[in-house]
Amino acid sequence: MTERSNRASSTSVLVFIVSIIVMFIISAYFIYSGYNSFMEGRSDAYYQMLIGIISMASVVYVIMQYRGRSTKYKVKEPKVFTKIEHEECGYSTVRDFIKGDYVFKTADECPKCNAPMIITRIYPEAKEDKKSSPLQWLSP
Amino acid sequence: MAPAGESDPIGMIMNVLWIGLIVFSMFYGQKIQTWMMLREISGALDRLTFLKNEARKGSIHTIKEIKKKDDQDPSPRIDHFLEYFTILPVDLDPTGIVPKIDHILNLREKRFEDEIRTMVPEANEIEINNLEGVLETSVDLNEIFKIVRHFYLLGRKTMSLYVIMQVQMQLPLIMQIAEAYFAFCKAFADGQPVGDGAGPLVVGKMMLGLEKKEVIKDTVSSETNIDGREVILVKAEGPGCSVGKPGEAIQKIIEEKKGKVSSIIMIDAAQKLEGEETGSTAEGVGPVIGGIGVEKYKIEEVATKYKVPLEAVVIKQLLNEAISPMLEEIYDGVDIASARVKRLIQERTKERDTVIIAGIGNSVGIGQ
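Protein sequence lines, in the order shown, are assigned to chains A and B.
Its first residue numbered 1, the first sequence is counted upward by one per residue in my numbering.
Its first residue numbered 141, the second sequence is counted upward by one per residue in my numbering.
Source of the hints: derived by calculation from the structure; they are not laboratory data.
We treat Cβ as the ideally placed atom computed from N, Cα and C, and that holds for glycine.
Be careful, since some hints might not be right.
Simulated pairs of lysine-lysine, DSSO-like, Cα-Cα distance not exceeding 27 Å [what the hints assert, rightly or not]:
id, chain 1, residue 1, chain 2, residue 2
1, B, K353, A, K105
2, B, K204, A, K74
3, A, K76, B, K204
4, B, K392, A, K99
5, B, K357, A, K105
6, A, K127, B, K412
7, B, K345, A, K99
8, B, K345, A, K112
9, B, K412, A, K79
10, B, K286, B, K353
11, B, K352, A, K99
12, A, K99, B, K357
13, B, K286, A, K74
14, B, K207, A, K105
15, B, K357, A, K79
16, B, K392, B, K357
17, B, K352, A, K105
18, A, K74, B, K197
19, B, K345, A, K83
20, A, K105, B, K436
21, A, K83, B, K352
22, B, K208, A, K99
23, B, K207, A, K99
Using C-beta positions, here's what the derived DEER-type ranges look like [said to hold, decoys possible]:
id, chain 1, residue 1, chain 2, residue 2, range
24, B, I476, A, K79, 51 to 61 Å
25, A, V75, B, R289, 39 to 49 Å
26, A, V94, B, S215, 30 to 40 Å
27, A, F24, B, K297, 40 to 50 Å
My request is simple: use the sequences and hints to build the entire structure.
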């Protein structure tokens, strides 16, 4: 069963590749032929060019859809920051996130008034493109 | 080479081939389309495999990090756990289904906790909650992968365009959810707040410096006075990964007060529509709470019983923003939501009234 389906699959791929090659030859021929007809001032030049361009566009589209893709993915982790504030005096500082940080955790002392400060924000770095989703950091 | 024309034999062949291709595409066009769809799904499947493997690795790494001594490899137990499933009650006769769902969900939660305690006996409550989130997300990612793979293999076997289309058309959304789950998994492992924590963040800020007590498991409350009103604040206990049981907590508080509560104000993250700003806020009425519906049901029941008005404040965000590390725009939205809550207290209640303010959402990375 599996052997048969594998054979069917490889036949399908072969048919697909042959179709693409045939389509490419036809489109190249029509473009060439259209060019010659145009130079000779024949009226069917535009018709041939149109067929050639449409065929070539279809070939390019199918190849683009079918092109080999990278199977190597990597995780690009966003940089995460921790904002520490002292509300009374308004002093605030931002540092890299350290595991164990959480919002409303008492952190370092305020350098201005020596009172304990609290973590008020833990956030990932802003994307340059505002429209991009926070998921974009996972790139192929 | 001569141009394609009636007298040109090559041109004739090309014309015939061209017509042949049109006829070929009439019969095989759908098949080619099917191959292309399968190819697209196969690409997505590669990516899903990567995501679920990374999530699995993350779970193992987090467990090893907590387990100080490297005596036992947690991998086999995690692999066994990734196949975990939950069967919800039969809904042919929906009367009384909510307590049954509640029971099953409690069982599931208990089982997750027990498994984690067995794997990492030395973990504290926060670590257990975070690990629960990491494992739950890994289980979900594994499930997404298996469903997409099922349709891919079924499609390849049957070559049915309609089977393949079911997945291919939803693929962008499926991948968006899967990648968001992956980001969620990483945030849990590190204990970072996520967008869904906007509600608990509003209430957590109000709870700062107040005495907290556990009303229900994983849910804390504090009492304070705002503009002469007795205010009871409710949120999931942080900074561990937990959504608590706000419905049950509100129900318990109202029953204890014998229904003498003037208003329930709920704050939650809400799904924004495309075109709306992330972090924008809105007000409304009704119980603003997501999930399967058990907690919502409990709030509706008690609010209806004692005719308690339900006010809602939402902080808008996309689904993937809600389950990814919290964006700065959402923090800005939280400040605006806090101001809205204070205005609601002043405008919608009177002095000496009792008001419940509940922050709904995941408290991961958010204390109180």
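Evaluation of the provided hints:
1. K353(B) x K105(A): holds (18 Å)
2. K204(B) x K74(A): holds (22 Å)
3. K76(A) x K204(B): Given that 27 Å is the threshold and the Cα spacing comes to 22 Å, the pair holds.
4. K392(B) x K99(A): It is violated: about 35 Å lies between the C-alpha atoms, which goes past 27 Å.
5. K357(B) x K105(A): Holds. K357(B) to K105(A) sits at ~22 Å (cutoff 27 Å).
6. K127(A) x K412(B): Since the Cα atoms of K127(A) and K412(B) sit roughly 19 Å apart, the hinted pair holds (cutoff 27 Å).
7. K345(B) x K99(A): holds (21 Å)
8. K345(B) x K112(A): holds (23 Å)
9. K412(B) x K79(A): Cα-Cα ~25 Å, so holds.
10. K286(B) x K353(B): Violated. K286(B) to K353(B) sits at ~42 Å, over the 27 Å cutoff.
11. K352(B) x K99(A): Given pair K352(B), K99(A) holds - Cα atoms ~25 Å apart, limit 27 Å.
12. K99(A) x K357(B): Holds, because 25 Å separates the two Cα atoms, which is no more than 27 Å.
13. K286(B) x K74(A): holds (21 Å)
14. K207(B) x K105(A): holds (24 Å)
15. K357(B) x K79(A): violated (34 Å)
16. K392(B) x K357(B): holds (12 Å)
17. K352(B) x K105(A): holds (15 Å)
18. K74(A) x K197(B): holds (13 Å)
19. K345(B) x K83(A): Satisfied, since the Cα-Cα distance of roughly 15 Å is no more than 27 Å.
20. K105(A) x K436(B): Not satisfied, since the Cα-Cα distance of roughly 30 Å exceeds 27 Å.
21. K83(A) x K352(B): holds (25 Å)
22. K208(B) x K99(A): holds (16 Å)
23. K207(B) x K99(A): holds (16 Å)
24. I476(B) x K79(A): 51 to 61 Å: violated (26 Å)
25. V75(A) x R289(B): 39 to 49 Å: violated (21 Å)
26. V94(A) x S215(B): 30 to 40 Å: For V94(A) and S215(B) the Cβ distance comes to about 38 Å; the hint holds.
27. F24(A) x K297(B): 40 to 50 Å: violated (31 Å)
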